[in-house]
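J.: Heads up, the sequence shown is in this note's numbering, so the first residue is 1 and it goes up one at a time.
Quick caveat, the hints were computed from the structure, so don't treat them as lab data. Built from N, CA and C at the ideal position, the CB exists for glycine as well. Do not take every clue at face value.
[Stated by the list, open to error] Ranges of calculated distance between the beta carbons of each label pair, as one might list FRET restraints:
1) Glu62 to Ala106: 13 to 21 Å
2) Asp142 to Leu232: 30 to 38 Å
3) Gly162 to Ala138: 19 to 27 Å
4) Ser263 to Ala146: 26 to 34 Å
5) Glu58 to Ala125: 34 to 42 Å
6) Tyr69 to Ala125: 16 to 24 Å
7) Ala182 to Thr129: 32 to 40 Å
8) Ser135 to Leu232: 36 to 44 Å
9) Pro84 to Gln243: 18 to 26 Å
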Amino acid sequence: MNTLADVIGALDTPDNSADNELVLLHGWGMNAAVWDALPAGLTAHRVQHRIELPGHGESPFEPAWAAGYGCLWRWADACLAAAPPRAVWLGWSLGGLVALAAALRAPKRVRALILMTTSPRFIRAADWTPAMPESTLAQFHDGLLADPAGTLSRFLVTQVRGSDHAREVLRTLRHELTRRPAPHPDALALGLDLLRDEDLRGPLPDLRCPSLWIFGDRDTLVPSGVAARVELLNDKARTQVIQGAAHAPFLSHPRETADAIESFLAGLDV
């Protein structure tokens with residue numbers, strides 16, 4: 001199976017101007033190694049900045065980033081502190097939620113957003129049906145106490161379920177997970193709290209920057225029905241649903257994902 005890097009091909013020497021910087025934020029329980037499936041700058045003349053979420057990979061876990069009111073914004077501030085002054089931000093799943101918070105927090109710092117299988121609200125509600133039931137996250141939360149490694153492994157299986165190339169994608173995720181330090185248990189628990197509790201639907205209409213939201217039509221964690229809801233909340237949002245993909249379309253469907261991203265980025269440069 002080709003990676004997104006194989007699809008896009010060789011890169012030219014990157015341009016170091018501020019608008020050509022690209023920040024990458026991984027998902028819950030993962031680390032920056034997952035982006036090895038991407039090319040060095042996604043497209044020619046773009047430079048990657050792989051930022052690991054608090055307590056993930058080699059990122060430290062500070063008490064100031066702990067739970068409580070404003071936790072998401074503290075995580076966003078931590079990522080902003082590690083990011084270049086201005087960049088396009090690409091976030092996957094929980095990383096997308098943090099990237100969205102960063103764009104709302106510091107609009108001049110985020111030129112554009114690419115949000116991969118991300119939602120402004122991850123948990124189902126009466127007025128937000130395209131989402132996972134709260135019981136799904138509760139099961140992972142309970143499992144963390146008894147078996148953190150096993151719980152993380154089960155979460156990876158949930159991410160690929162139903163996807164084309166599911167076995168290959170699961171193998172890739174498991175391999176990348178082992179290449180960096182294991183996530184801090186408290187960071188894992190807090191990450192699940194963020195997915196359960198945060199709701200950015202209210203400020204989403206105020207998002208100033210261009211945004212591309214990529215979904216998989218077989219994703220059970222962030223159903224593709226979120227796409228229509230996002231378009232209603234922000235009329236500038238652009239959405240793309242990848243057929244046959246689940247929660248990691250950039251791994252299972254690199255060509256389709258690359259096409260969507262390249263088209264979006266090309267539009268920024270017009």
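J.: Hint by hint, note whether the structure agrees.
T.: Now for the hints, and whether the structure bears them out:
1. In this structure the supplied range 13 to 21 Å holds for Glu62 paired with Ala106, their Cβ-Cβ distance being about 19 Å.
2. With their beta carbons about 34 Å apart, Asp142 and Leu232 fall inside the hinted range of 30 to 38 Å.
3. Look at Gly162 against Ala138: about 22 Å separates their beta carbons, and that is inside 19 to 27 Å.
4. For Ser263 paired with Ala146, a C-beta distance near 45 Å fails the hint of 26 to 34 Å.
5. Checked against the hint of 34 to 42 Å, the C-beta distance between Glu58 and Ala125 comes to roughly 36 Å, which is consistent with it.
6. For Tyr69 and Ala125, the Cβ-Cβ distance of about 20 Å falls inside the hinted range of 16 to 24 Å, so the restraint holds.
7. Checked against the given bound of 32 to 40 Å, the beta carbons of Ala182 and Thr129, roughly 35 Å apart, stay inside it.
8. Checked against the hint of 36 to 44 Å, the C-beta distance between Ser135 and Leu232 comes to roughly 27 Å, which is inconsistent with it.
9. With their beta carbons about 34 Å apart, Pro84 and Gln243 fall outside the hinted range of 18 to 26 Å.
Of the numbered hints given earlier, the model fails hints 4, 8, 9; all others are met.
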